[in-house]
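> Single-letter residue listing:
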Amino acid sequence: MTNSKYTPIIGLEIHIELGTASKMFCGCKNDPFGAEKPNIYTCPVCLGLPGALPVPNKKAVDWVIMLGQALGCKIAKNSRFDRKNYFYPDLPKGYQISQYDEPLAVGGELAGVHITRVHLEEDTGKLIHATVKNKKVSLVDFNRSGVALVEIVTEPDIRSSEQAVMFLKRLRQIVRYLGISDADMEKGSMRIEPNISLSRYVNSVHSRNVQELPNYKAEVKNINSFKFAKKAIDYELKRHEEILEKGQTPKQETRGWDEKKNITVSQRLKEEANDYRYFPEPDIPPMNFAKPYLDRIRAEIPELPDQKFNRYIKEYGLSEYDSEILSVNREVALWFEESVAAYVQTVTSGIKQKKNVQPSAYAKVIANWITGDLANLLKKDKVKIGEIKLLPAHLAELLYLVDKGEISSTAAKRVFIKVYKTGETPSNIVKELDLGIDQNSSALKKIVEEVMNTNYKAVEELKAGKGAAIGFLIGQVMQKMKGKADAITVSKLIKELLVNK
Amino acid sequence: MLLDETISNLSKKLRSRELSSVDLVKDAYKNIDKYNSKINSFITLQDKNDVLKEAELSDKNRDIDSSPLNGIPFVMKDSYVTCGIRTTSASKVLEDYVPQYSATVYQKLLDSGAILIGKNNMDAWGHGGTNENSDFGPVKNPWDVSRVAGGSGGGTAASVSIRMTAFGIGEDTGGSIRNPAAWTNTTGLKVSYGRVSRYGCIAYASSFDTVGPAAKTVEDCAYVLQEIAGVDSKDATSSPVEVPNYSKDLAKSIKGMTVGIPEDFFSEGLDQEIHKAIDEAVEVYRSLGAVIKKVKFSLLDYAIPVYYLIGPSETSSNLARFDGLRFGNGRDKFTDETSRRIMIGTYSLSSGYYDAYYRRAQCVRTLFIKEYGEMLSKCDVLLAPVTPYAPTKIGELVSDPLQNLLVDIYTVTTNPVGIPSLALPCGFDTNKLPIGMQIMGSMFSEDLLLRMGHAYQMETDWHKVKPPILDK
Chain H
1 MTNSKYTPII GLEIHIELGT ASKMFCGCKN DPFGAEKPNI YTCPVCLGLP GALPVPNKKA
61 VDWVIMLGQA LGCKIAKNSR FDRKNYFYPD LPKGYQISQY DEPLAVGGEL AGVHITRVHL
121 EEDTGKLIHA TVKNKKVSLV DFNRSGVALV EIVTEPDIRS SEQAVMFLKR LRQIVRYLGI
181 SDADMEKGSM RIEPNISLSR YVNSVHSRNV QELPNYKAEV KNINSFKFAK KAIDYELKRH
241 EEILEKGQTP KQETRGWDEK KNITVSQRLK EEANDYRYFP EPDIPPMNFA KPYLDRIRAE
301 IPELPDQKFN RYIKEYGLSE YDSEILSVNR EVALWFEESV AAYVQTVTSG IKQKKNVQPS
361 AYAKVIANWI TGDLANLLKK DKVKIGEIKL LPAHLAELLY LVDKGEISST AAKRVFIKVY
421 KTGETPSNIV KELDLGIDQN SSALKKIVEE VMNTNYKAVE ELKAGKGAAI GFLIGQVMQK
481 MKGKADAITV SKLIKELLVN K
Chain E
1 MLLDETISNL SKKLRSRELS SVDLVKDAYK NIDKYNSKIN SFITLQDKND VLKEAELSDK
61 NRDIDSSPLN GIPFVMKDSY VTCGIRTTSA SKVLEDYVPQ YSATVYQKLL DSGAILIGKN
121 NMDAWGHGGT NENSDFGPVK NPWDVSRVAG GSGGGTAASV SIRMTAFGIG EDTGGSIRNP
181 AAWTNTTGLK VSYGRVSRYG CIAYASSFDT VGPAAKTVED CAYVLQEIAG VDSKDATSSP
241 VEVPNYSKDL AKSIKGMTVG IPEDFFSEGL DQEIHKAIDE AVEVYRSLGA VIKKVKFSLL
301 DYAIPVYYLI GPSETSSNLA RFDGLRFGNG RDKFTDETSR RIMIGTYSLS SGYYDAYYRR
361 AQCVRTLFIK EYGEMLSKCD VLLAPVTPYA PTKIGELVSD PLQNLLVDIY TVTTNPVGIP
421 SLALPCGFDT NKLPIGMQIM GSMFSEDLLL RMGHAYQMET DWHKVKPPIL DK
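Sequence order for the protein chains is H and E.
Each residue of the first sequence is one higher than the one before, counting from 1 in full-length UniProt numbering.
Each residue of the second sequence is one higher than the one before, counting from 1 in full-length UniProt numbering.
Just so you know, not all the hints are guaranteed correct.
When the alpha-carbon atoms are kept at most 27 Å apart in a straight line, the in silico DSS-like pairs for lysine-lysine are as follows [as the list claims (entries may be wrong)]: (1) E/K234 / H/K29; (2) E/K432 / H/K59; (3) H/K77 / E/K234.
Hints listed in this document are in silico derivations from the structure and should not be mistaken for laboratory results.
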């Protein structure tokens, strides 16, 4: 905000479709996005046929409780489902089974933003407005009807669009870490509705300025990316400021984000808001959660990104930068941890000549491989770390070969790419490409001598104290050795011969 | 008439091939052809030839392990979805609706080999106590065709009464099985909430609805209940409580059982002849060795308000799906009574009124549960009238919705509580109109209620009396 007269007051409502195998209240397959045709994953329950009854999906309840716990919420001892009554063609029963005054979880915190509540409900069908045989029609696809949906509501603690996006990214990260949803905004499995208002400082009769609480808010729907969330919030803040500057108050309303025009448009004023006539869902008995059950769910929570971040710094001595990159995605984190474990295993079970390596040393090397060479390959090929042929054990073996002095670090880079492409073991590739370091030191010595003799200028520079010249000489030797030499050995040899020159 | 016999006898004779399912089906259709135009108890009848073919097949395949209901004809209230067979809930909204799946209770009966004859008339959506709120015309009482048969399940009870079937499946939300049983001289059981799956039962009030048998005798009810009771993975409110063998202890002595008489059910408003008939039934129980004890139910004044707040609230939501978009006709086809209940329910759930109406009613519901619990801690069962008066003339109550509500005053409190109640014949008034009584018990005490009812029917012959029209 450019104008410091105002403070943005932003709260978020987030809907995330759970990735359970079946829908929330029936056995239908939960895969609306992957469905080949409309209305193929349907049954009497999710079509709302007369007489059909909902039976809750236990896994979905478990997962929402887990999410609640991961967000530091208080989990309800008693909870229940309620009916939210309203008419809409994508809602076949005329009511949505949701949770009203006894949600599964309340009061948590993430990234400095307080969580009001976390509750479970069912998704609606999808309306498609199309032209069929020159007639404008509205079609309904019920593949999504009854899919388990978790709703997360925050307190209006957020003060900028950047903060909102940061919070949302953290939330998505946790959801993905828990493995309860792909939380894909493009597919619509994660949907965001920010509510936005501006509060202003006014001069009070006392000496201090006080913040005036806004008496309105605008809710924005239809946002399907973080980028649009940021744009929509910024657009709204600017719009509100302009209205407030004119001495008016923005309307309390629901607006929609128009991604083509990059603006929000009014959809519904508050006066038109529904009275949802919530009441307890009589078809589903209330739920009671005993401590052993809650403890069991809590025990299933994997180590979360924050914890991993801190541990990587503490246990492996990684930089904050590396720890952040490695922990941001669970698959990457697991790949990293597996590599470390595989390396330790290889070293300890390996030949006697093992070195006593500190975790910080090898973890840093592994981290470098992942954040450097591997990250570049993944980015280039647009693949995920879980999908590649290169396995953590391969990296561990490769590093061990370098450790033992069997291949040079230059050769290791070539081997790495080859393993990534083929999935062959590093030792096989070393053999195949004949990259093993030549143990015949007299041959190496001969080549070093040769190089030093033919590159007189570089040798003179080196003698004169220009250390950088050694790099050139090593490079020349390596070229002649086709990478089958170890740079450190070469460097030693050069220094030895230099004394004699 | 073959259908005068109990299910137990029919079943024995079917197995010994003394008679065939074809004979029973023919008997049923004989009475249907003869009386249905007068009684109007069916909305949809199965094609006679199709049913006869089914019966033939049943006769061929029946063996020693077959269910006692194998080959026995039955009817169902039109509130149950039956795959491929029109299901209307007696409303024009669903006039042409053919379901794509079957209710659990229907499937269970099909699995047991029972043979469906047709779907019965009822008050549309279960909304009524006289079966006059049907879009398919009122059901007339076989005992006096100028009178109502009771509701909402009038069609089912009437067709049992006039021997168009061996038994029927009713649905009781506030008396819909018991009230027509009392008025047609048949026996009907409102089961404990959760005892029988509601899956596929078109909901009236989800937390009150129960699925139960309508039959000629208590023993028949036991046989039917045996087949339909039990937990269902498709109904989250169905109970995992074990299903006992209902016919095993039917004949056991009831000596020493305590029969509670809730005095408030006998106060002002109860027809004197009904009062007298029940007093006599009490004496029968005394003579069988039961201990009679007076108990208090002080909340009867709240029976109708509680029922007519929670029931309509739930129905206003349950009927929301009938918008005419995907199937059926539009909302303009709802009857006046249904529109009234939707409006009352919508109102009492609206913000600003919820606390005063819906929530308050739910609080009193809890008091009902407590008070019934107290009564049933002092006695084994409760004995009370089913209806305050005899079946009314057709049209007499339908124009007076408020008075109409009072028909159910003695039956509507069991549904909010969830407990079972068995209605059975206990006499006739001076107009030769049937009188019924109900025996209520604790949750899942159906076996005890059936035992109490059976003991009474072993001592009395009321249940054997047939509508005079049948003898003509």
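> For each hint, tell me whether it holds in the structure or not.
Hint-by-hint comparison with the structure:
Annotation: proposed proximity of E/K234 to H/K29 holds, straight-line Cα distance about 16 Å (limit 27 Å). Our distance criterion of 27 Å between C-alpha atoms is broken by E/K432 and H/K59, whose separation comes to about 59 Å. The straight-line distance between the Cα atoms of H/K77 and E/K234 is roughly 25 Å, inside the 27 Å bound, and the hint therefore holds.
Violated hint for the displayed structure: number 2, the only one.
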